[in-house]
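One letter stands for each residue in the lines below.
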Amino acid sequence: MVNSSLLTVNDLRFERDDIPVINGACLTLNVGEILQIEGPNGSGKTTLLRILTTALQPSGGEILYRGQILSECRFDYLSNILFLGHQSALKLTLTAEENLSWTTSELPGSVSIMDALEQVGLRGYSDVPCHKLSEGQQRRVALARLLVTNAEVWFLDEPFSALDKQGVQFVEQCMERHVKGGGAVMLTTHQPIGMEPVRRYSLVGSSVGGGF
Amino acid sequence: MNWTWFYRMGSPLWFYQSTSRWLPLLSLVTLVLLVAGLAWGLGFAPEDAKQGNSFRIIYLHVPASFLALAGYFLMATAGAIGLIWKMKLSYIVMKCAAPIGAALTFLALFTGAVWGKPTWGSYWVWDARITSMLILLFLYFGVLALQYAFHNQEAGNKASAVLALVGTVNIPIIYKSVDWWFTLHQPSTIKLTSAPSMHPDMFQPLLVMILAFYFFYALALILAVRVEILKRESKTTWVRELVEQASRQKMGAK
Amino acid sequence: MPESNRGFSAYFRRDLLLAYRRRGEVASPIIFFVMVATLIPLGITPEADSLKELAPGTIWVMALLATLLSAEGLFVSDYKDGSLEQLLISPNMLVMPIFGKVTAHWITTGLPLTLASPLIGLMLSLPSVAYLPMMAGLALGTGCLSFLAAIGAALTVSLQKGSLLLTLIVMPLYMPIIIFGSAVMQYSIDGMAWSGPLAILGAMLAVAIALCPLAIAAVLRLITIN
Chain R
44 MVNSSLLTVN DLRFERDDIP VINGACLTLN VGEILQIEGP NGSGKTTLLR ILTTALQPSG
104 GEILYRGQIL SECRFDYLSN ILFLGHQSAL KLTLTAEENL SWTTSELPGS VSIMDALEQV
164 GLRGYSDVPC HKLSEGQQRR VALARLLVTN AEVWFLDEPF SALDKQGVQF VEQCMERHVK
224 GGGAVMLTTH QPIGMEPVRR YSLVGSSVGG GF
Chain A
44 MNWTWFYRMG SPLWFYQSTS RWLPLLSLVT LVLLVAGLAW GLGFAPEDAK QGNSFRIIYL
104 HVPASFLALA GYFLMATAGA IGLIWKMKLS YIVMKCAAPI GAALTFLALF TGAVWGKPTW
164 GSYWVWDARI TSMLILLFLY FGVLALQYAF HNQEAGNKAS AVLALVGTVN IPIIYKSVDW
224 WFTLHQPSTI KLTSAPSMHP DMFQPLLVMI LAFYFFYALA LILAVRVEIL KRESKTTWVR
284 ELVEQASRQK MGAK
Chain G
48 MPESNRGFSA YFRRDLLLAY RRRGEVASPI IFFVMVATLI PLGITPEADS LKELAPGTIW
108 VMALLATLLS AEGLFVSDYK DGSLEQLLIS PNMLVMPIFG KVTAHWITTG LPLTLASPLI
168 GLMLSLPSVA YLPMMAGLAL GTGCLSFLAA IGAALTVSLQ KGSLLLTLIV MPLYMPIIIF
228 GSAVMQYSID GMAWSGPLAI LGAMLAVAIA LCPLAIAAVL RLITIN
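Protein chains in written order, with my numbering: chain R, 44 to 255; chain A, 44 to 297; chain G, 48 to 273.
Just chain R, same shape as in the assembly (with noise of 0.2 Å):
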């Protein structure tokens, strides 16, 4: 392929009241490819996640999608990436399925949401309220969403979180068979993946703290 580069992150710089949080990232990420980003806390792995998913303005430095400038194809970009954080995005009050189906539109290719939710271990918990379910099967709901999206670039921000070890290894699954589809991931987390090809990209702190 000539241009398997799917993202392009050049000299990105963020700032939060004066005070560099990024200071000049450079990165890329490929097709077929599980970036992770790594560092201390502070080091602002959740901020280079939102900035890429478009949430937070960076103070300078450029993205490129497939060698587009980001503010040119942001249609396509934001159409094309799935994002999930810390905080689940779901409503207690909703049923696991009612919560995945309005967060995804079901799409042709993917798989059902009966299938998602059975896959995750929830069978027979569809139409059950998320805030009767524990924390880590809410985490499972959440997850599920991997499933039934074709996004082509993911970003996981701490997805091993409040996970047993059949969810963990959901989770390398999950992002084993993205990548070797054609996708991308790019993760953060403070677990060694137990799994390969992992590329690594550190984000060093800011220079105001000083390292220890």
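Keep in mind the hints are simulated off the structure, nothing from the lab.
Just to be clear, a hint being listed does not mean it is correct.
Distance windows between CB atoms, simulated [stated by the list, open to error]:
#, chain 1, residue 1, chain 2, residue 2, range
1, A, 286, R, 60, 19 to 25 Å
2, A, 286, R, 104, 32 to 38 Å
3, G, 240, A, 87, 34 to 40 Å
Positions of the beta carbon are idealized from the N, C-alpha and C atoms, including for glycine.
Take the given structure of chain R and dock chains A and G to it, following the hints.
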């Protein structure tokens, strides 16, 4: 077109240095105008036929009301410039204009109440202009409260800028509807479009006072902005040099 | 169906469904509305003539407070559970989902208030000529109230204790609506044509529908995520 002057204007350092040059002259002009206007208005202007000496409070009330409203628009404009061009100085101006404007609005309300007692027999009357002033004060309070509610300076700036703009859209509607509702009120003392209904001997000192208040407002705003700039830029080298210079001068004086 | 339309109906239906699941909470503003109406005669006078004088203003002030009470929840729960962030990064226009959410808010507060207002009218001895103008005015006016409250809700969404501040910043913006809303009722009681102030309320609603979603979208983009 060359826009560099515009971006240079957004630099706090440029603002600080260029105002340093003008500050003494501006202070002098403000002082002269204020003293002259007050002396003329309070001491030499003729007494009002009906209201006697109590009318003289308009020399404070009218300019304060003018600046209170103009100050709100200035604050909103500064906020809009900040939102559009992401100019930090503009947000600083907006932030500093809010308390000054609120103080002037309060002054207008207070002088109105003081004047109301001998004229209407009560400190508070639900007159259209006074009610509008009160709502303007509430609008200022909203902007101030929102500004300080955020831990994050930038978010506070943006939020209060948007609120100031929403207020600007609403002010004409509020003024018109209040006018419409409270039909019992005096006609405006000064109409810019028509000839003044006051005697020229009373009107001229009022004009001087209005001018003096504009200068006073500019002076107060510039001073407040300079303090805010020093606070925010306290870590930069130019502020440090400034502080060192000042302390050296102090030592020299001792 | 165009994408933006889908954004409207998806959020509109979801917020209505959420409100339906929490029927108790939705009823609170209405109960508040009725309870305050009971306090007025107790606190002032049960005499019909005096109550009639007070009714227009009282009903509008209560409608305003009831709307403000419920406005805080407009974006806060979406902010806390992360769905607001998902909305911000969705490819569709932000304006339509916001319009859908505010409309749902009106249906769960303004509309029930309008429907409950004849009851308050009875309690405050409102003359029978004023019922229709009251309901027409409330229907249009509470729409404006919802849109303006939504701006306040968006501005305070990321604050810990936003509800009091929300009241503080939105209240001054409500003044014209109160003035014209109670004028509609007063005109009808005095036997004058009340279509004038009602038309102004309608005009204000039209302006609010056109401008407020834009302002809310801008606010949410600017300050939600930091």
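*Any hints this thing doesn't respect? Which numbers, in order?*
The structure conflicts with hint 3 only, although it agrees with all the remaining ones.
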